[in-house]
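Trainee: Work out the full structure, taking the sequences as your base and the hints as a guide.
There are 2 protein chains.
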Amino acid sequence: MKIYDRPGFPNPARIRIVLAAKGLDSAVEFVPVDLIGAEHKQPAYLDKNPSGVVPLLELDDGTLISECTAITEYFDHLDGNPILTGRTPKEKAVIHMMQRRAEAYVTDAVGLYFHYATPGLGAVLQPYKSPEWDGRTVMGQREGEKVRIGMRYFDDLLSSRSYLAGEDFSMADITLFAGLMHADVSGITVPADHMALQAWRDRVSQLPCVRGRSGQAFMPEDLKRLGF
Amino acid sequence: MKIYDRPGFPNPARIRIVLAAKGLDSAVEFVPVDLIGAEHKQPAYLDKNPSGVVPLLELDDGTLISECTAITEYFDHLDGNPILTGRTPKEKAVIHMMQRRAEAYVTDAVGLYFHYATPGLGAVLQPYKSPEWDGRTVMGQREGEKVRIGMRYFDDLLSSRSYLAGEDFSMADITLFAGLMHADVSGITVPADHMALQAWRDRVSQLPCVRGRSGQAFMPEDLKRLGF
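Chains as they are written, first to last, in our numbering: chain P, 11 to 238; chain A, 11 to 238.
Mixed in with the good hints there might be a few duds.
Any copy, or any two copies together, can satisfy a pair, since identical chains are not distinguished.
[Unchecked claim] When the alpha-carbon atoms are kept at most 30 Å apart in a straight line, the in silico BS3-like pairs for lysine-lysine are as follows:
| no. | residue 1 | residue 2 |
| --- | --- | --- |
| 1 | LYS100 | LYS12 |
| 2 | LYS139 | LYS156 |
| 3 | LYS100 | LYS58 |
| 4 | LYS51 | LYS12 |
| 5 | LYS32 | LYS12 |
| 6 | LYS32 | LYS58 |
| 7 | LYS139 | LYS58 |
| 8 | LYS51 | LYS100 |
| 9 | LYS100 | LYS32 |
| 10 | LYS51 | LYS156 |
| 11 | LYS32 | LYS139 |
Calculated directly from the structure, the hints in this document are not laboratory data.
Mentor: What follows is the structure, encoded as structure tokens:
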């Protein structure tokens, strides 16, 4: 199996944590995609994934799977023990609900803020991000505000449970965790009074499948190209 | 179990088709939500679903499940035979990928077009749809363009397979089908040269779980309130 991605970026980080949680790190060959050079917006990549995003999973039979939820469903069911996506109908339902909320309220919203209200990944990618549209920065700022509201929602939720879907770690926690990594580098940090969210984040960062990955926001050469 | 929704609206239609496909129509009590009166944006409803959308499933133990994918996962697994969400890891992966694409490319994009670039559900709901933001109509129009591109993508895809995820009907087909119902009433119709998409739509509309539901776009009293 191959995964097309770039280490340190938020959605690739989600699937790398999934692989670690399932003991599948060595089952996959990683193929680097030059996101800063907009390789994912060129025809060769769009043929594989018309959504133009990473990560992308290619199975040995050539089947292409995009979208983090779909890739997670695949890896989580390979051993018949779906610890990340739920074992009972109710577990599956709550986890998928929280997965969508983590994406919509934080992770996807941070992505829009990053690409539309900040310099994002720089000049090469800009032409693919609607620079002709006057409303783009306002839209990006609105998404940033959504992230702040989302952080409050999850802080409140986590004041009465250990993880997003209850007492067990799931794919929804991975999604929010990666979203907060991206929020950090985008300049939207978790407010100091969000104690429950911060405690959850500390707890997640200590899990064996996450530890060592939490500081991995962008590779050094990427940061250099981005002007950091 | 209870479902809070409004018959004829696109996302409620998705779950009503799921219930029919699983033989669960009579297992659920429907609680009407006045969408045109913005009942779903008031505190009593937001307490149940902070996303402020329908449908919402309430289990007998009080657990609240929002998001169509999550609700579908629940109903599809109750009998241990997940015909709509996939039985093998690969089936699950392809179905979830196509579910996200159907939502992102068409169903969610139609919703944004409908609410931001047309009069949508009318005056009462408008204050909850960012009327202060100058860029909203432009954003809505951009989403409408996304729908047209999405229709082309699915037309191309369906020229070489019977259903979105392959040869079997799945939740992704339900999602796209409901999205096209909403596109019709929003004024974005499937172009006449999209033969494969149209043939798929005819095929889906004849399935026992769908038949009789396809013309159900809005209740007569809702259409009257909307000025049709």
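Trainee: Work down the list of hints and note, for each, if the structure agrees.
Mentor: Here is what the structure says about each hint:
1. LYS100 x LYS12: Between copies only: 15 Å across chains, 32 Å inside a chain, cut-off 30 Å.
2. LYS139 x LYS156: Classified as both; 20 Å inside a copy, 14 Å across copies.
3. LYS100 x LYS58: For LYS100 and LYS58, the Cα distance is within 30 Å only across copies (17 Å; inside one copy 34 Å).
4. LYS51 x LYS12: For LYS51 and LYS12, only the intra-copy Cα distance (19 Å) is at most 30 Å; the inter-copy one is 44 Å.
5. LYS32 x LYS12: Answer is within: at 16 Å inside a copy they meet the 30 Å cutoff, but 36 Å across does not.
6. LYS32 x LYS58: Within one copy only: 25 Å inside a chain, 33 Å across chains, cut-off 30 Å.
7. LYS139 x LYS58: Within one copy, since 20 Å is at most 30 Å while 36 Å is not.
8. LYS51 x LYS100: Only across copies: LYS51 and LYS100 sit 26 Å apart there, 38 Å inside one copy, limit 30 Å.
9. LYS100 x LYS32: This pair counts as both: shortest intra-copy Cα distance 22 Å, inter-copy 16 Å.
10. LYS51 x LYS156: both (26 Å within a copy, 16 Å between copies)
11. LYS32 x LYS139: neither (35 Å within a copy, 42 Å between copies)
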